[in-house]
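Asker: Listed here are the chains, written in short residue letters.
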Amino acid sequence: MNNTLSLHVNGKDYEIDIDPDTPLLYVLRNELGLNGAKFGCGLQQCGACTVLLDGESRLSCQLPVREAVKFKIRTIEGLVRDDGSLHPVQAAFVKEQAAQCGYCLNGMVMASVALLEGNNNPSDDEIRKKLAINICRCGAHSRIIKAVKTAAQEL
Amino acid sequence: MAAPITLSCENQTAPLTEKSLDKNDINSWLQVLEDGRIRIYTGKLELGQGISTAVKQVAAEELDTSLDMIEVNMAETGVTPDEGFTAGSMSIESSAMSIRQAAASAREAILKLAAQKWRIPVSELFLKDGRVRGKDKEATLYELLKGRQIEGSLDSSVELKGKTVRKYVGQPLPRKDIEAMVRGEAVFVQDLRFPRMVHARVVHPPGYASRIVSMDEDAIQKLPGLLKIVRKGNFVGVIAEKEYGAIQLKRKVDSFIQWDTSPGLPDQSALKSHLKALPADVEVHEDRGNAEKVLKESTTQLTASFFKPYLMHAANGPSCAVAFFDNERLKVWSHCQGAYPLRRTLAKLMEMPEDSVNVKAVPGSGCFGHNGANDVAAEAALLAREFPGRHIRLQWMRDDENGWEPFGTAMMVDLRASLDDKGKIAAWNCDVWSDGHSNRPNENPNTLLPAHFLERDYGHPGIGYRGGAWRNAAPYYTIPNLKVRSHMFQGPLRVSSLRSLGTYTNILAVESLMDELAEQAQKDPIQFRIEHLRDARAIECIQKLQKHIADVTLGQNEGLGVAFSRYKNETVYCAMAAKVYVDRGTGKVRVKKLWAVVEAGETINPDGLKNQTEGGMIQSASWALMEEVKFDRKHITSLDWGSYPMLRFPDTPEVEVEVIDRPDQPPVGAGEASMAPTTAAIVNAIYRSTGVRVRTLPVNRELLRA
Numbered sequence: 001m002n003n004t005l006s007l008h009v010n011g012k013d014y015e016i017d018i019d020p021d022t023p024l025l026y027v028l029r030n031e032l033g034l035n036g037a038k039f040g041c042g043l044q045q046c047g048a049c050t051v052l053l054d055g056e057s058r059l060s061c062q063l064p065v066r067e068a069v070k071f072k073i074r075t076i077e078g079l080v081r082d083d084g085s086l087h088p089v090q091a092a093f094v095k096e097q098a099a100q101c102g103y104c105l106n107g108m109v110m111a112s113v114a115l116l117e118g119n120n121n122p123s124d125d126e127i128r129k130k131l132a133i134n135i136c137r138c139g140a141h142s143r144i145i146k147a148v149k150t151a152a153q154e155l
Numbered sequence: 001m002a003a004p005i006t007l008s009c010e011n012q013t014a015p016l017t018e019k020s021l022d023k024n025d026i027n028s029w030l031q032v033l034e035d036g037r038i039r040i041y042t043g044k045l046e047l048g049q050g051i052s053t054a055v056k057q058v059a060a061e062e063l064d065t066s067l068d069m070i071e072v073n074m075a076e077t078g079v080t081p082d083e084g085f086t087a088g089s090m091s092i093e094s095s096a097m098s099i100r101q102a103a104a105s106a107r108e109a110i111l112k113l114a115a116q117k118w119r120i121p122v123s124e125l126f127l128k129d130g131r132v133r134g135k136d137k138e139a140t141l142y143e144l145l146k147g148r149q150i151e152g153s154l155d156s157s158v159e160l161k162g163k164t165v166r167k168y169v170g171q172p173l174p175r176k177d178i179e180a181m182v183r184g185e186a187v188f189v190q191d192l193r194f195p196r197m198v199h200a201r202v203v204h205p206p207g208y209a210s211r212i213v214s215m216d217e218d219a220i221q222k223l224p225g226l227l228k229i230v231r232k233g234n235f236v237g238v239i240a241e242k243e244y245g246a247i248q249l250k251r252k253v254d255s256f257i258q259w260d261t262s263p264g265l266p267d268q269s270a271l272k273s274h275l276k277a278l279p280a281d282v283e284v285h286e287d288r289g290n291a292e293k294v295l296k297e298s299t300t301q302l303t304a305s306f307f308k309p310y311l312m313h314a315a316n317g318p319s320c321a322v323a324f325f326d327n328e329r330l331k332v333w334s335h336c337q338g339a340y341p342l343r344r345t346l347a348k349l350m351e352m353p354e355d356s357v358n359v360k361a362v363p364g365s366g367c368f369g370h371n372g373a374n375d376v377a378a379e380a381a382l383l384a385r386e387f388p389g390r391h392i393r394l395q396w397m398r399d400d401e402n403g404w405e406p407f408g409t410a411m412m413v414d415l416r417a418s419l420d421d422k423g424k425i426a427a428w429n430c431d432v433w434s435d436g437h438s439n440r441p442n443e444n445p446n447t448l449l450p451a452h453f454l455e456r457d458y459g460h461p462g463i464g465y466r467g468g469a470w471r472n473a474a475p476y477y478t479i480p481n482l483k484v485r486s487h488m489f490q491g492p493l494r495v496s497s498l499r500s501l502g503t504y505t506n507i508l509a510v511e512s513l514m515d516e517l518a519e520q521a522q523k524d525p526i527q528f529r530i531e532h533l534r535d536a537r538a539i540e541c542i543q544k545l546q547k548h549i550a551d552v553t554l555g556q557n558e559g560l561g562v563a564f565s566r567y568k569n570e571t572v573y574c575a576m577a578a579k580v581y582v583d584r585g586t587g588k589v590r591v592k593k594l595w596a597v598v599e600a601g602e603t604i605n606p607d608g609l610k611n612q613t614e615g616g617m618i619q620s621a622s623w624a625l626m627e628e629v630k631f632d633r634k635h636i637t638s639l640d641w642g643s644y645p646m647l648r649f650p651d652t653p654e655v656e657v658e659v660i661d662r663p664d665q666p667p668v669g670a671g672e673a674s675m676a677p678t679t680a681a682i683v684n685a686i687y688r689s690t691g692v693r694v695r696t697l698p699v700n701r702e703l704l705r706a
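These protein sequences, in sequence, are chains A and B.
Going by UniProt numbering, the residue at position 109 of the first sequence is 109; the numbering climbs one at a time, nothing skipped.
Going by UniProt numbering, the residue at position 190 of the second sequence is 190; the numbering climbs one at a time, nothing skipped.
Isolated chain A (complex conformation) (with noise of 0.2 Å):
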């Protein structure tokens, strides 16, 4: 059965008819069409799918929409500036090249902006910490720690 609800994305409000069940991925995928949270498992194992809450990153594959609605979300999209510039986090990736297929890359910078807000000089041992769930099968985690404290030194 379908609701209307109303999500507060990137700082824009929308209303959305949907059923309240449907995780907030599907949401923000296909109704929102936002492509930047993927699907990799629908079962919180991987982070592809991470999008941040009130600045704190969170998976959204099995999060239903209804419980989404209190929050304020923001996802990959919503950290390029007005101007069209990157975010000192996705510049950060660019400027290292830490990715192969880039499917990933989404759950990898939204994490990586999470943990940078709350500590902006973060250890080695801190980032893998941060970045556990987060999967890469292309093996470009190397790459991803030396975007993460590039980023560091630009915030």
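Errors might be hidden in some of the hints.
Partial pick of chain A residues on the chain B-facing surface, computed with a CB cut under 8 Å [claimed, not checked]:
id, residue
1, F71
2, R81
3, V109
4, C138
Derived lysine-lysine pairs resembling DSS-like cross-links, with alpha carbons at most 27 Å apart [unchecked claim]:
id, chain 1, residue 1, chain 2, residue 2
5, B, K593, A, K95
6, A, K95, B, K331
7, B, K19, B, K331
8, A, K130, B, K592
9, B, K176, A, K95
Pairwise CB distance ranges (calculated) [as the list claims (entries may be wrong)]:
id, chain 1, residue 1, chain 2, residue 2, range
10, A, N121, B, K276, 51 to 57 Å
11, B, E443, A, N3, 49 to 55 Å
12, B, E217, A, G33, 33 to 39 Å
13, A, D54, B, A209, 48 to 54 Å
14, B, K112, A, R81, 44 to 50 Å
15, B, A219, A, N3, 23 to 29 Å
16, B, E328, A, S6, 56 to 62 Å
No wet-lab data here; the hints were simulated from the structure.
Glycine residues also receive a C-beta, built at the ideal position from the N, C-alpha and C atoms.
Could you slot chain B onto chain A? The hints should help.
Answerer: Chain B alone, transformed into the frame defined by chain A:
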């Protein structure tokens, strides 16, 4: 609500007319656009390996044109040349080299055209950023061609600036697609969205041999939100307006099906003996000297048996495709590695004429070989035919991918070797047991998963290219008496190409035994390898590695191991060192650092080469330490990331890669080269730390507890 989305990687304009598909024609690889840009056509697909950047670099070099003026159209039937599969690290060797030749030939053809038109000698003309310039003349390529395309064939006699000038080639130019990805732009097939597109899911059987006993179609028809239920034999799919609706329907429909779940798989705990007992097709690949006789007469023969389990490609994003059928023609968007081969097989499966099927390759999640990409495309096509007029998007769920993708086969290698009285290798015997490594789409529809579920029996599609099994089984080292045999079986699980094919297991075996032989000969393992090499490039690679690890210090329970291979014994050189720490209480291995020196002939993009090598090192460490496809008598049980764990950030090794660039040599693709030597170096390091020889993967912690 959502607007139709076109991929940032996808070209907006239709292919130009006069487009040739003949690989000998310049026109098949390269076209001049009205806005002055150049469009390159490659039959390959970007898989995260950076091929789209590499082909831009080679074209930019020959045309002296900035990268921004070059766009790339990836594999698409009827548009790009048929280059088979994006596989085997061949894209640089084949596609990029053809594009280089086409661009150089185009440059000469254009200059000749301008020379004739302006009556100026070619030597006084030059081409830069899409314009031909002479003393007082200047024109864009488009103006010179008057809207036509460059005619003529690839000319192998023209100068290749990539070999001399190297303004773009050999430079670590950044990939442009990474920025699109961090902006959250639509890059992947998973991101495709068309007006009125609907969503599908497939209800896969609960086991390899499961069949439908009964299905309550009346109850299913009443399910809310169902647009269409499709059943063909044991193939069942659902179509719904919303993606989450399709997911819920998949689960509900499954509850209305009674499956026969008779066991179809062997007991995994006895897998080694099961595989060795299967009927095997035996072939001898090397038979030099008399290995059998020398080994029999030796008193110091070493023997060792190695086992590698079934491994998953385990793409981060489950396979996905979009299909559209208009009652006559079928179009499929797929992250397949071969657009033309998929079209041929799809046409057979669908019983449609080939030219009524179009396949456009679109990037997906990193595949590392033949995963579920083709299968999901075939399933989307079967559903689209039953629901014409609307685009059908089908993405597999995690358990679909893990349960049904074609795995990298389990393998076994038995080695025997002996030394002569000077401490050199006298004889070497290798027996490899393997299933096929290349069951890619061919003429047999059974190379596509859903064909297995249909009523018609298409028969076993064969094991494909046999060479994958014994790739690198013959050591690259000088050995006077050598015998190599492969024993090909048809194993219980669905298998196909996984990164580096049989090389992974064969080099694990070769490089482990090299270490054991070095020890028996009382020699340093690096020196022992160098003494058995005649190839100066191989020796330089190993010596450079030696410098990286010269000052490494080891703490308690730490070990340093090395390995070397030349991929396929004829392409990339890779020397590897691993430093490991073994917790003797738990047996857990931590790979602390990996060093690689890699030489792939002429380097097109050193950062791309490094990225591929680093990724292979980390992926290989994950295979070695953690990965094994598990199954019970009915089905795969590694259906999620809890039951198929892989290396995550806290345990990821530090990696360091040095690239040796040799512009005088042909370039060879390096995407697979670091896989095998990494695992071999890790097990050799484990031995240095613990005295335990690991010969069965993944590493068994119990063996390492003291």
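Asker: Checking hints one by one. Is V109/A an interface residue toward chain B, by the C-beta closer than 8 Å rule?
Answerer: Result: holds, 6 Å to nearest chain B Cβ.
Asker: Can the restraint linking K19/B and K331/B be considered satisfied, given a maximum Cα separation of 27 Å?
Answerer: Given that 27 Å is the threshold and the Cα spacing comes to 20 Å, the pair holds.
Asker: Going by Cβ atoms only, is F71/A closer than 8 Å to chain B?
Answerer: Hint violated; F71/A Cβ to chain B Cβ min 18 Å, cut 8 Å.
Asker: Please test the hint of 56 to 62 Å on the beta carbon pair from E328/B and S6/A.
Answerer: 45 Å, violated
Asker: Please check whether E443/B and N3/A have a Cβ separation lying inside 49 to 55 Å.
Answerer: Roughly 52 Å apart at Cβ, these two residues keep to the hinted range, so it holds.
Asker: Starting from K95/A, check that the Cα of K331/B is at most 27 Å away, please.
Answerer: 37 Å, violated
Asker: Go ahead and decide if the range 23 to 29 Å is satisfied by the Cβ distance of A219/B to N3/A.
Answerer: 27 Å, holds
Asker: Is the gap between the beta carbons of D54/A and A209/B within 48 to 54 Å?
Answerer: 49 Å, holds
Asker: May I ask you to test the interface hint for R81/A with respect to chain B, counting a Cβ-Cβ separation under 8 Å as satisfied?
Answerer: 11 Å, violated
Asker: Are K176/B and K95/A close enough, with their CA atoms no more than 27 Å apart?
Answerer: Distance ~11 Å between K176/B and K95/A Cα, so the pair holds.
Asker: Are the Cα atoms of K593/B and K95/A separated by 27 Å or less?
Answerer: 23 Å, holds
Asker: For the range 51 to 57 Å, tell me whether the beta carbons of N121/A and K276/B fit it or not.
Answerer: 56 Å, holds
Comparing the model with each earlier hint shows violations of hints 1, 2, 6, 16; every other hint is respected.
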